[in-house]
Structure formats: structure tokens, C-alpha cells
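Undergrad: I would like the entire structure built from these sequences, with the hints used as guidance.
In order, the protein sequence lines correspond to chains W and L.
Under our numbering, the first sequence has 224 at position 224, and the numbering climbs by one with no breaks.
Under our numbering, the second sequence has 107 at position 107, and the numbering climbs by one with no breaks.
Keep in mind that a hint or two might mislead.
Derived BS3-like pairs: lysine-lysine, alpha-carbon spacing no greater than 30 Å straight-line [claimed, not checked]:
| hint | chain 1 | residue 1 | chain 2 | residue 2 |
| --- | --- | --- | --- | --- |
| 1 | L | 318 | W | 170 |
| 2 | L | 318 | L | 301 |
| 3 | W | 145 | W | 313 |
| 4 | W | 313 | L | 318 |
Just so you know, the hints here were simulated from the structure itself, not pulled from any lab data.
For clarity, every value in this text was computed on a predicted model and none was experimentally measured.
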Amino acid sequence: MTAAPAPASASDALPDIRHDYLPILLPVALSALALPFVGNPTTWVTLTVAALAMGMMIFVIASGLTLVFGLMDVLNFGHGAFIAVGAYIALSVLALLSGWVQADSLLWNLMALGLAVTVAMVGTGLLGLAFERVIVRPVYGQHLKQILITMGGLIVAEQLIHVIWGGDQKAMALPAALRGAVVIGEVAIERFRILTVAVGIVVFAAMILVLNRTRIGLLIRAGVENPEMVEALGYRIRRLFVGVFAVGSALAGLGGVLWALYRETLTAAIGGDVMVLVFIVIIIGGLGSVGGCFIGAILVAMMANYTAFLLPKVALASNILLMVAILMWRPQGLYPVAKR
Amino acid sequence: MLNTLLSGDYPRSRILTGILAAIVLGLAFAPFLFSGAAAINTAAKVCIFIVLVASYDLLLGYTGIVSFAHTMFFGIGGYGVGLGLYAFGASWGVLALGILLALVVGVVLAFLIGLLSLRVRAIFYAMITLAVASAFLILATQFSEYTGGEDGRSFSVPQVLRPGYRLLDQPVFGTVINGRVLAYYLVFAMAVTLFLLALRVVNSPFGRVLQAIRENDMRAEALGYRVVYYRTVANCLAAGMAVLAGAMSAIWLRYTGPDTTLSFAIMLDILLMVVIGGMGTLYGAVIGATLFIVAQNYLQKLMATASTATEGIPLLPKLLHPDRWLLLLGLLFVLSVYFFPTGIVGRLRGKSG
Numbered sequence: 001m002t003a004a005p006a007p008a009s010a011s012d013a014l015p016d017i018r019h020d021y022l023p024i025l026l027p028v029a030l031s032a033l034a035l036p037f038v039g040n041p042t043t044w045v046t047l048t049v050a051a052l053a054m055g056m057m058i059f060v061i062a063s064g065l066t067l068v069f070g071l072m073d074v075l076n077f078g079h080g081a082f083i084a085v086g087a088y089i090a091l092s093v094l095a096l097l098s099g100w101v102q103a104d105s106l107l108w109n110l111m112a113l114g115l116a117v118t119v120a121m122v123g124t125g126l127l128g129l130a131f132e133r134v135i136v137r138p139v140y141g142q143h144l145k146q147i148l149i150t151m152g153g154l155i156v157a158e159q160l161i162h163v164i165w166g167g168d169q170k171a172m173a174l175p176a177a178l179r180g181a182v183v184i185g186e187v188a189i190e191r192f193r194i195l196t197v198a199v200g201i202v203v204f205a206a207m208i209l210v211l212n213r214t215r216i217g218l219l220i221r222a223g224v225e226n227p228e229m230v231e232a233l234g235y236r237i238r239r240l241f242v243g244v245f246a247v248g249s250a251l252a253g254l255g256g257v258l259w260a261l262y263r264e265t266l267t268a269a270i271g272g273d274v275m276v277l278v279f280i281v282i283i284i285g286g287l288g289s290v291g292g293c294f295i296g297a298i299l300v301a302m303m304a305n306y307t308a309f310l311l312p313k314v315a316l317a318s319n320i321l322l323m324v325a326i327l328m329w330r331p332q333g334l335y336p337v338a339k340r
Numbered sequence: 001m002l003n004t005l006l007s008g009d010y011p012r013s014r015i016l017t018g019i020l021a022a023i024v025l026g027l028a029f030a031p032f033l034f035s036g037a038a039a040i041n042t043a044a045k046v047c048i049f050i051v052l053v054a055s056y057d058l059l060l061g062y063t064g065i066v067s068f069a070h071t072m073f074f075g076i077g078g079y080g081v082g083l084g085l086y087a088f089g090a091s092w093g094v095l096a097l098g099i100l101l102a103l104v105v106g107v108v109l110a111f112l113i114g115l116l117s118l119r120v121r122a123i124f125y126a127m128i129t130l131a132v133a134s135a136f137l138i139l140a141t142q143f144s145e146y147t148g149g150e151d152g153r154s155f156s157v158p159q160v161l162r163p164g165y166r167l168l169d170q171p172v173f174g175t176v177i178n179g180r181v182l183a184y185y186l187v188f189a190m191a192v193t194l195f196l197l198a199l200r201v202v203n204s205p206f207g208r209v210l211q212a213i214r215e216n217d218m219r220a221e222a223l224g225y226r227v228v229y230y231r232t233v234a235n236c237l238a239a240g241m242a243v244l245a246g247a248m249s250a251i252w253l254r255y256t257g258p259d260t261t262l263s264f265a266i267m268l269d270i271l272l273m274v275v276i277g278g279m280g281t282l283y284g285a286v287i288g289a290t291l292f293i294v295a296q297n298y299l300q301k302l303m304a305t306a307s308t309a310t311e312g313i314p315l316l317p318k319l320l321h322p323d324r325w326l327l328l329l330g331l332l333f334v335l336s337v338y339f340f341p342t343g344i345v346g347r348l349r350g351k352s353g
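TA: Right, here's the structure in full:
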């Protein structure tokens with residue numbers, strides 16, 4: 001008791017961060033397991049690349065949702081609305097730029113797509129701000145009301161899409177240069193999937209870098225751990241939260257554009273279809289965890305693609321089995337967020 | 001007598017009593033009061049949804065559980081009756097057996113989902129049930145050789161319930177008592193019985209524990225109630241009641257398909273009905289279901305008139321287009337979560353003190 005504390009050496013001061021690598025091995029194991037069942041290596045590569053592309057899209061959509069949950073403890077059932085709105089805005093922009101879209105040049109195509117995505121993300125980001133202000137803010141801390149009211153927001157948003165863009169199904173064509181496939185050896189890989197994988201990796205890397213290497217990221221992580229303390233240190237955590245909500249909505253918009261281009265058709269219900277997958281992904285990943293969300297998205301997409309090939313009838317239900325299996329192993333998801 | 005029937009849970013508001021009495025009388029004499037197939041169809045649909053919404057209120061309003069899998073149980077009931085009658089012919093035995101099997105399957109499934117996920121928080125449970133319900137919908141449409149897939153199954157009901165059957169030679173008060181009227185009264189009787197049973201449940205000591213869990217589950221647990229046990233039983237009860245509502249729907253429509261029983265749109269309808277009518281008051285289910293279904297049938301006609309009347313004004317005709325009636329209800333829903341969290345029933349009770 002009276003002894004003076006020993007001077008702490010540098011290694012004592014900070015215990016090593018324990019990295020949990022086990023979940024990262026899961027997608028690798030799953031794809032290796034699928035190989036003998038699929039049989040044909042070429043088909044297997046095609047399926048795996050398709051799964052990666054799908055996984056990246058789901059990740060882009062789900063990352064914002066899981067971050068908002070981790071930070072603000074708000075589960076936004078209206079997230080699907082941003083997916084649809086993003087896709088519809090991009091549809092309008094692409095229609096305006098039809099000259100660029102139809103040009104037989106990758107550069108012009110990508111510029112058209114880039115512009116459409118930018119407008120869609122700004123639009124859904126602003127919509128996210130409005131949604132947070134009008135729908136979500138009055139019900140912080142009340143889970144039951146949150147679920148109900150964001151559900152109501154989803155209904156209203158979906159109906160407004162019908163009012164603005166009309167109710168019929170729209171065709172969402174890919175720009176000319178992004179159609180078709182690149183053949184490497186015997187394997188044909190669709191160009192759009194390569195683009196999607198690239199976008200997904202960029203978003204993931206940017207998120208990890210911002211969260212782990214910047215001051216804002218530090219505040220966000222601190223805010224997830226203990227919002228009152230961050231507030232007491234003089235930071236306006238509320239403003240940070242709103243910013244994260246807007247970014248999450250913008251990411252949903254981006255994901256919506258990709259998803260609509262991937263499916264090549266667009267209806268106002270597009271959000272609802274993906275949201276089931278998104279929920280499964282964030283449950284598997286551990287609510288609020290970005291890394292878990294990334295692995296969860298890839299796992300879900302792999303499961304969907306392999307089973308769609310092997311046992312088409314149970315493809316979507318297979319995700320439930322995956323979810324149950326993972327929750328048996330880790331009841332809080334792959335990377336449980338400490339506080340919750 | 002009335003006290004026993006209503007389990008001592010009176011409407012506790014004059015206006016509410018008046019509205020409820022009007023609804024009950026309207027439903028009880030629907031085949032005689034209204035003419036035409038559309039009106040009796042609406043009345044039957046109201047009966048079915050009162051049961052379905054009341055069973056959901058048992059979960060949402062009384063226990064504070066948000067489940068998105070309620071249509072799954074509704075569907076199990078519908079398919080249990082539908083597939084049974086389709087495969088083995090129209091007899092009362094098959095009908096009873098179909099309902100019984102569906103009840104067993106539904107309750108066991110509710111038990112499993114409950115055990116798996118009722119330990120987790122509301123948000124988690126909502127997501128898991130949404131995923132499970134969508135998987136069930138996909139399975140039902142994929143295994144089309146058994147379920148009829150997207151098209152569903154049409155089937156015959158026992159002879160007494162068919163439109164061609166005549167109970168009496170002479171019309172009563174101008175209405176021919178045929179199989180359709182008998183089928184309506186079967187549905188109506190089931191609805192009344194099930195609703196009174198639900199009232200019995202929520203006003204029993206068991207129901208009080210559910211409400212305690214809704215208010216504060218930690219405190220309920222601390223008082224010695226096994227929260228998981230009570231939640232699971234509530235889940236099973238609500239599921240069983242939803243299965244019976246599905247059976248009623250199948251008997252009335254003589255058809256079972258994904259769009260009429262399993263689709264997410266129906267789940268949304270149930271949610272809207274519970275919240276607008278009033279959570280945690282079974283009478284809210286009656287008001288919500290009636291209001292919603294009448295609005296669904298008649299608001300659209302009103303909106304069509306408004307839409308053509310405002311032609312020429314930008315945007316307004318589009319907003320008032322009859323297909324956009326959900327927009328109005330969605331707004332009403334959001335507003336009622338904010339301003340009238342207890343719904344119409346809570347509002348009326350509050351005014352009368």
C-alpha cells in the first residue's frame with residue numbers, strides 16, 4: 001500500500017491490442033469448402049467473384065446502418081428508403097447524361113456514372129439530415145418508437161418515390177463500356193463486378209482509415225464507448241452523430257445505385273429486398289462493428305451465390321442458417337461491440 | 001354476464017363504447033344491412049383482421065415485443081387449411097385436422113424463435129424475425145409443387161359453406177341465407193370468440209405480468225418473474241391466434257397464396273392498424289382494423305374523385321392518386337407515433353378521464 005508505484009515501462013503502459021483473426025478466416029474457409037461441391041474450378045472462380053461483388057455492395061449499404069447503430073443506438077428501419085432514393089436520383093442523372101452513357105468510351109461512361117453517384121450521394125446525405133431531424137431525433141433512446149417511426153418514414157418515402165418518379169418498373173442500363181466481361185485465362189469476369197469490388201474496397205479502406213487514423217475517427221470511437229465523457233471534454237458529439245447519420249445515408253445511396261445497376265431494374269421496393277440481407281449482415285457482424293459488417297457481408301454473399309448454384313431452392317433461406325450458426329458460436333455477432 | 005364476457009375490461013369511454021357497439025352491430029348483421037358481395041367481403045375481412053391485429057397487439061402492445069414474423073403464422077394457418085382441403089377434399093374433418101396441424105406447427109415455430117431470440121433486445125428481435133419471415137415467404141414460393149408458388153392454391157370448402165347451398169327456401173329480411181352467409185357467420189363467431197379469449201388473457205394475472213415486462217423487464221425479472229418464460233408463452237399465444245386468423249381467411253377466401261397471407265405488405269398493414277387503433281388496448285385492434293379496411297376500400301374512391309377534381313394543379317393530383325392512399329396512412333402513422341402514442345382508443349379514454 002505504501003510502496004511507491006514502480007515506474008511503468010513503455011511496454012506496461014499500453015497492453016498489446018489483441019487481434020481476433022478467427023472471423024477473417026471464415027470466408028476463406030467457406031470458399032475452400034465450396035470448391036469440391038462446385039467441382040469445376042472455373043465456375044467456382046466466377047461464383048466467388050460474383051459473391052465478392054455482391055458482398056461489397058451489401059457492405060456499402062450496411063456499413064452506414066451499423067455505424068449509426070453503434071454511435072447513436074438507433075436502428076433505422078427506414079435505411080431502405082435511402083437505397084431506393086439514391087438509385088432513383090442516379091437514374092434521373094443518367095437519363096440527362098445519356099450522351100455520355102452511350103458513348104463508346106470508358107472515360108465518358110465512368111464520368112457519367114461518377115457524376116450520377118455523386119449527385120445521388122449528396123441527395124441521400126441531405127435526405128438523411130432531414131430524416132434525422134424530423135423522424136429520428138424525437139425518439140432517441142426509445143427503441144420501440146424508433147422501430148415504429150422509422151418504419152413509418154419508410155412507408156412515406158416509398159410512396160413519395162411513386163409520386164415523383166412514377167410507380168412502374170424502370171430499366172437501369174449499365175453504361176456501354178461496363179457491359180460484358182473480361183476474360184482471364186478461362187474465367188470470364190463481368191466488368192461491372194470488378195468495379196463494384198473496387199468501390200467496396202475503397203469504401204472499407206477509407207472507413208478504417210478515418211476511424212483509426214484521424215481525430216474525427218478517434219472522437220467517433222470514443223463516442224461509441226462513452227458519449228457523455230466525450231461531451232464533457234467539450235466536443236459537440238450531437239453534431240458528430242448527425243454527420244455520421246448523413247454519411248451513412250449517403251453510403252446507402254451509393255449502395256443503392258450499385259445494386260440497381262447490378263439488377264438492371266428499379267422499383268420503389270428495391271430497398272426492402274436488400275434490407276433483409278443487410279439486417280442479417282449486421283447481426284452476423286455484431287451490431288455496430290464495421291469490420292464484422294465487412295466479413296458478414298462477404299459471408300452472406302458467398303452463402304447466397306454458392307447455394308444458388310448448388311441448391312437454388314434454399315438460396316435465400318440459407319442465410320438464416322448461416323445467421324443461426326454464427327449466433328450459436330458468438331451470440332453477439334462476430335465482433336461484438338464492447339458496450340452493448 | 002357482460003362483465004364476465006369482457007373480463008371486466010370495459011371500453012371506459014362513452015364515445016368509444018358507441019363506436020365499438022356500432023362496429024359490432026354492423027358486423028353482426030352485415031349480410032342483412034349491406035347488399036352486394038363487396039360489402040360482405042369487407043365485413044369478413046374486418047373480422048379476420050380484428051383477430052390478427054388483436055393477436056399482434058398481445059405482442060407489441062401488451063408485452064413490448066416487436067416481431068415482423070406475424071404474417072408467417074397467419075400464412076401457416078392459411079396454408080394449413082388451404083393445402084389440406086386442396087389435397088384431401090372438402091370435408092369438415094380435413095378442415096379441423098388442417099387447423100390443428102397448423103396450430104401445432106405455428107406454436108412450435110413460435111416457441112423455437114422465442115427461445116432463440118427473446119433473450120436479446122427489441123431491435124435484435126425485430127431484425128431476426130424479419131429475416132425469418134422473409135425466408136419463410138421464399139420457401140413458400142419456391143416449393144411450388146406443394147404450395148402452388150406465387151399463384152397460391154384455390155380449393156373448395158365443405159358444402160354447407162359454398163355459395164350454392166341454401167339453408168332456407170325463403171329469404172330472411174330480403175337476404176337469401178346461402179352458404180356464403182353461413183361462412184360469414186362462422187368467421188364472425190370465430191372472431192368474437194377469439195377476441196373475447198384475448199381479452200380474458202390480457203386481464204388475467206398472466207396478462208398483468210406481460211404488461212409489467214413491457215414497462216420494465218429488469219424490474220419484472222427482479223420481482224421473480226422469469227421474463228423469458230412469459231415472453232415465450234406470449235409469443236406462442238399470439239402465434240396460435242394468428243394461425244387461427246389465417247384459417248379464417250382461408251375459409252372465407254377459399255384461396256391461400258403468398259400475397260394474401262405472407263407478404264410484407266400485410267405485416268405493414270397490421271403494424272399500421274395496431275398503432276393507429278391504439279397499442280396495448282385490444283379495443284384498438286377493433287377500431288384500427290375497421291378504420292384501415294374501410295379506408296382501404298372507400299378512401300381510394302374518395303381520392304380518385306379528389307384527384308380528378310384537382311387536375312391541372314401540379315403535383316397535387318399525383319399526391320391524391322388512389323394508389324397513394326398508403327401515403328396518407330403512413331403520415332397518419334408517423335404522426336400518431338409522435339402525438340398519440342396510445343392511438344385512437346387511448347385518446348378517447350384520455351378525454352373522458
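Undergrad: Take the hints in turn and mark each one as holding or not.
TA: Against the structure, the hints:
| no. | hint | in the structure |
| --- | --- | --- |
| 1 | L/318 to W/170 | holds (18 Å) |
| 2 | L/318 to L/301 | holds (14 Å) |
| 3 | W/145 to W/313 | violated (36 Å) |
| 4 | W/313 to L/318 | violated (40 Å) |
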